[in-house]
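Chain residues, written in single-letter form:
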Amino acid sequence: MVCSYPGDSLMKEKTDTHLLEYSVLLIFMVLLVLLFYYFRYDHVVLIFLSGIASISYILWGIIHHALEGRLTKFVAMEYIAFGLLVFLLFFTVLNF
Amino acid sequence: MPGVLGYASNISVKDLLEYTNAKRRDSGLSELRLNAALSAAAKLKAEDMFKNQYWAHVSPSGKEPWDFILSQNYDYIYAGENLAKNFNNSKDVVEAWMKSQSHRENLLSPNYDEIGFAVVNGVMDGYETTLVVQMFGRPRTASQVASVYEEQAVLEKEAKATAAVSERESSVTTAGVAGGAPSGEMSVYTPVEAPAKPTIDVTTAAKTVSAVFGGFVGTLLALDVWYSRKKQIRKFNGHTLAHLGVLVLVVASIWFVLTPGIVL
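Residue numbers (our numbering), protein chains in the order written: chain H, 28 to 123; chain X, 133 to 396.
Quick caveat, the hints were computed from the structure, so don't treat them as lab data. Some clues are possibly wrong.
[Unchecked claim] The list that follows gives simulated cross-link-like pairs (lysine-lysine, DSSO-like), each with its CA atoms no further than 30 Å apart:
#, chain 1, residue 1, chain 2, residue 2
1, X, K363, H, K100
2, H, K100, X, K362
3, X, K292, X, K183
[Claimed, not checked] Footprint (simulated), chain X over chain H, 3 or more residues, beta carbon under 8 Å:
#, segment
4, 67–80
5, 102–114
Every residue, glycine too, gets a C-beta built ideally from N, C-alpha and C.
Build out the structure end to end from the sequences listed, making use of the hints.
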């Protein structure tokens, strides 16, 4: 019982940080969807926004894992690969 | 093979005129009268873009919009041009112009009395494409402004030509000649062998590609989450749920937000 108190506190703190970080990601992505809607007729802006979306997701992943203290080269590569996939999908669709 | 993948559209001059004038009425401006010479100039411009494969206000050889207008003996004091391509319907075209400041300024300019439209199908960069050209003008003398009867005549010609094009599209499998519909009408420009309508609509293709790609990657990620939890595998990689969330947003954006049309 004595040891569980700081443990619970640590877990709560971690959950709060997680919630904050995921909220930042969610707000940013929703903002990008809204910008996508606003500029839906301008494909140059849309490709630019796709690039922004990919870069911000890569940065979010890297910062999030760095704050957790478990950022490795493998994790960074994973976010870079996923960000590139997202950009490639948008780029392909926008260039049809 | 050109023309297999393209944009299927349902745009008419009558609707474009109605939506344009509705926007002007909403802004307290006078309606524009459809002019045969401006419509002919718009059609020439669209055909020139297909023939020389460009998408711009000025052609690669330096031909400006005014050159097309003057070639129709339209003597103007003010003139303007809006372009659009790959839209599905007339309303979206006008809405897209209204969303862009420079196009809106043209559309809502008090300096114009007349307007001309051309909606032309053809092949550009290997895709079946629908180009919409909108030309504005104010003739040098007010008496030159088209009358209601002249406007009606242009619209009637347009309706007849649209019917003729639809008939031709249903009967033609391969075409080797340029479409020769009269001015201001929905016409088909087919300088190369191509079906009159695309076999695969680009919008449908884009949505399918995103769904297949998103579905495949999403399934892999979901399986990863499920298997890791089932086997209680402790992993040191990124957050799969975050990847899934982003993927869902991307596919949703492509399905519900992106539109195929572009204005210039």
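We went through each hint and held it up to the structure:
1. X:K363 x H:K100: Holds, at about 25 Å.
2. H:K100 x X:K362: Answer holds: K100 (chain H) to K362 (chain X) is near 27 Å, not above 30 Å.
3. X:K292 x X:K183: Roughly 25 Å between the alpha carbons, so the hint for K292 (chain X) and K183 (chain X) holds.
4. 67–80: Coverage by chain X holds for the segment 67–80 of chain H (6 residues, Cβ < 8 Å).
5. 102–114: holds (count 6)
Violation of the numbered hints given earlier is absent; every hint is satisfied by the structure.
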